[in-house]
Amino acid sequence: MTFQPPVPPGPSSPVPALSLLGLAKRFGDKIAVDGISLDVPAGSFYGVVGPNGAGKTTTLSMATGLLRPDFGTALVHGVDVWQHPLEAKKLMGILPDGVRLFDRLSGEQLVTYAGLLRGMDREMVASRVAELLAALDLGNDAGTLVVDYSAGMTKKIALASALIHAPRLLVLDEPFESVDPISAANIRDILDRYVASGGTVIVSSHVMDLVQRMCDHVAVVAGGRVLAAGTVEEVRAGASLEDRFVQLVGGRNHTEGLEWLRTF
Amino acid sequence: MVAHLLRLKLTLLRNSVRRSPWQLVGLGIGALYALGVVGVLAAGLLVLRGQEIELAQTVVVLGGATALLGWAIIPVAVSAADMTLDPARFTTFAVPMPQLLAGLALGGLIGIPGIATSLVALATVGTWSRSLPAAGGAMAGAVLGVLSCVVLSKVVTTATAGLASSRRFKDISAVAFLIPLVLTGPIVAGIARGIAGSGDFLAGLAQTLSWTPAGAAFALGGELAAGNYAAAAVKFLIAVATLAGLGLAWKVLLQRALVTPPYAGTSKRRTGGAGLFRLLPATPSAAVAARSLYYWLRDPRYAGALVVVPLLPVLMLFQGSQSGFYGPFQFVGPLTAFLLAWSISTDVSYDSTAFALHVATGVRGADDRLGRALACLSFALPVVLIFSVGPFFFTGDWEKLPAVLGLALGVLFTGLGLASVISARYTVSVPLPGDSPFKKPPGNVAQTLAVQFGGMAVLMVLVAPEVALVAAQFITGSAVPGWITLVLGPVLGLALFATGVRAGGAWLDRRGPELLAQLAVNR
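The listed protein sequences derive, respectively, from chains A and B.
In terms of this note's numbering, the first sequence opens at residue 21 and continues consecutively.
In terms of this note's numbering, the second sequence opens at residue 1177 and continues consecutively.
It is worth saying that the hints were derived from the structure and are not from the lab.
As the structure is a prediction and not an experimental result, all values here were calculated from the model.
Any given hint might turn out to be false.
[Unchecked claim] With a straight-line Cα cutoff of 20 Å, these simulated EDC-like cross-link-like pairs (lysine to aspartate or glutamate) come out: (1) Lys110/A / Asp1685/B; (2) Lys110/A / Asp123/A; (3) Lys50/A / Asp90/A; (4) Lys1427/B / Asp1262/B; (5) Lys110/A / Asp141/A; (6) Lys50/A / Glu1690/B.
[What the hints assert, rightly or not] A short, non-exhaustive set of chain A residues, derived as facing chain B with CB atoms under 8 Å: (7) Arg120; (8) Gln129; (9) Thr132; (10) Gly139.
Think of the CB as a built atom: it goes at the ideal place given N, C-alpha and C, for glycine as much as any other residue.
Please model the complete structure; the sequences and the hints are all you need to start from.
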């Protein structure tokens, strides 16, 4: 593994919102993440795309303090996530993929809980919860237990829990999965306004169109490595992001055959 | 097609065993247990061969009716219906209905309950091997009876599938089922006394049941052995009609169920506002306590533990009244203290990956530990006090109260402190959120047992001073050790509680992500 020394941020280069240096993780025999280095500029809307099993979720978990990396460092606005976890976690809002929620709480209670766990005061939590639920079209279901929510509503309530403390960096793993188009548009509006006012958003997805439309930066990850990273224009190099992605990742099979499928 | 379905069932069974050797161990233990039960029942049925016809008939008919009842109730009550061959999975394959029904019914026999029931039913052929017609009748009765059991079970599970998939029903039935389970001892004792008192009643009941669908099939052998050919013919018709009727009901229900899949989201529970989060102080530890209290109330895995608690004194009082010796009953307070305190040793395991929220928000480990312990303490403390004092109103042995009270408080605080350390460090395999508390949990059984028993051994050591003092009072009869216990128990207990919360919290701060990774293995 090559370990690049961190480049000290000069006066011309502002501190990136998230800076990953040689992050690596192995599960048993399988190397899930193989030395990922990535700089996410502050104020960017950053997409992380990759095929299934590319290591996206593992990378984001290591970047957010949920999974300890075997090698490498992660800095959030210059704060080392693994040396100073409490300071780093204050700066981040996280929507992890594939974890449960405390789903025997009602939606309102869950978001309130997330706010109180972060040590926020009661009045601020209460007013923000009400606003968040309204903005995410969950106002009518605030009193329903999360266990009775649909998949899309569950995603939205988890997003609300990640937003409650007004973080400077949002890390969202598959935020649009099973969210209906109206809610997805609302969430995109919220995120766009958040980025416009100086926040940074990282989303992982495998919907290329969405990333191309929504993000200004993108990283293509496959096999635990970064294949390409930069602004969306740079990465797609004139082609559509989807074509460029397929070209970078490979693996399309152009087998002939299945002729019988056309014989009926 | 029927053979195909049976092969599918066997393949599924084999693959589930192949997934982990512990599955095989579990299956082996279950099989051994079933084999023991089957052996005893079959031996009993063979012994009945030499008894009077009327006695044998009563036992066989009542046993058959009980089996039928069990097949109808148990899968629903414990929400543990065997869904490996869920008919809904065959909707896209256009399997002809008769074949599907036959395959599913025979498939229901593959598995420990099916095989055990079949073996016991076949043993009735031994009971009635007094003449050829009797044995033949018993054989026909056994086949009809066992098939009725399986089909009845399918009818009930299909009919209640919509109900059973609603979360409210699952939550309530899982907890409600605990009550008869805990009270098995008194119930069995009561029934045994009833049987001893009224042998005639049972014979009459069996006689009546044998003319109904519940007992007709298993009555065939006995009627033929007694030479009642006309009665046997009628009962044979009743048994065949029962099976046919059940089959028809199942077919209709299944046809309807296949095109109207159960909808789980009908019974939404609403709660008003932030509730406890508003009532308790706005600090992280109080928020954790509020969250834990909601789980004690709303999660059947926790609520199950709570249902046992009020039954405990009932159980021990019953035992005391049976034997006239109230010794164990005096200690219901310390025992409850242990049960309640120990129940949070699996707290983080119960969270499963929802614990990620605690890691992501960076809540301090000590706040996490303290909140969980305080939630448990908020109801455990009054309950333990009441249970410690209560028994002395029955025994009147008041000079032992200080010792028992001191021991109970010592066990409660020490247990909470130790559990706070254990659940911060070790995960155990527990049923996943939303599963029935009875469902076999995934994961490493050996580690679970090691952690649980190791932890209990450590607890024994930690409360040894209190135990020794209590023993001293009981042996010497002097009241002094009792009063010392009353002081020492809470003081030592609270010191260990504070130590446990701090040590567990430090552990969480250091190793929160590792703990989360362990939890993610079993999700």
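**Study point:** Thr132/A as an interface hint toward chain B, with CB separation required under 8 Å
**Key:** This hint holds: Thr132/A lies near chain B, its Cβ roughly 5 Å from the closest one there, short of 8 Å.
Review point. Against chain B, is Gly139/A within 8 Å by beta-carbon distance?
Key: Status holds, d = 6 Å.
Check your understanding: If you draw a straight line from the CA of Lys110/A to the CA of Asp1685/B, is it 20 Å or shorter?
Key -> 15 Å, holds
Practice item. For the pair supplied as a hint, Lys110/A and Asp141/A, confirm whether the alpha-carbon distance does not exceed 20 Å. Key: Given pair Lys110/A, Asp141/A holds - Cα atoms ~15 Å apart, limit 20 Å.
Check your understanding: Taking 20 Å as the top limit, are the C-alpha atoms of Lys1427/B and Asp1262/B close enough?
Key -> With a Cα-Cα distance of about 14 Å, the restraint between Lys1427/B and Asp1262/B holds, given a limit of 20 Å.
Point to revise | Pairwise hint evaluation, Glu1690/B against Lys50/A, where the allowed Cα distance is 20 Å at most | key: Judged against 20 Å, a Cα distance of about 18 Å means the pair holds.
Practice item. Report holds or violated for the interface hint on Gln129/A, using the least CB-CB distance to chain B and a cut-off of 8 Å. Key: 6 Å, holds
**Study point:** Interface hint outcome for Arg120/A [beta carbon to chain B under 8 Å]
**Key:** Where the cut-off is 8 Å and the nearest Cβ of chain B is about 4 Å from Arg120/A, the hint holds.
**Study point:** Holds or violated: Lys50/A to Asp90/A, with C-alpha atoms at most 20 Å apart
**Key:** 13 Å, holds
Review point. Given the hint that Lys110/A pairs with Asp123/A, does the C-alpha gap stay at or below 20 Å?
Key: Distance of about 23 Å is beyond 20 Å: violated.
Going through the hint list in order, the structure does not satisfy hint 2, though it satisfies all others.
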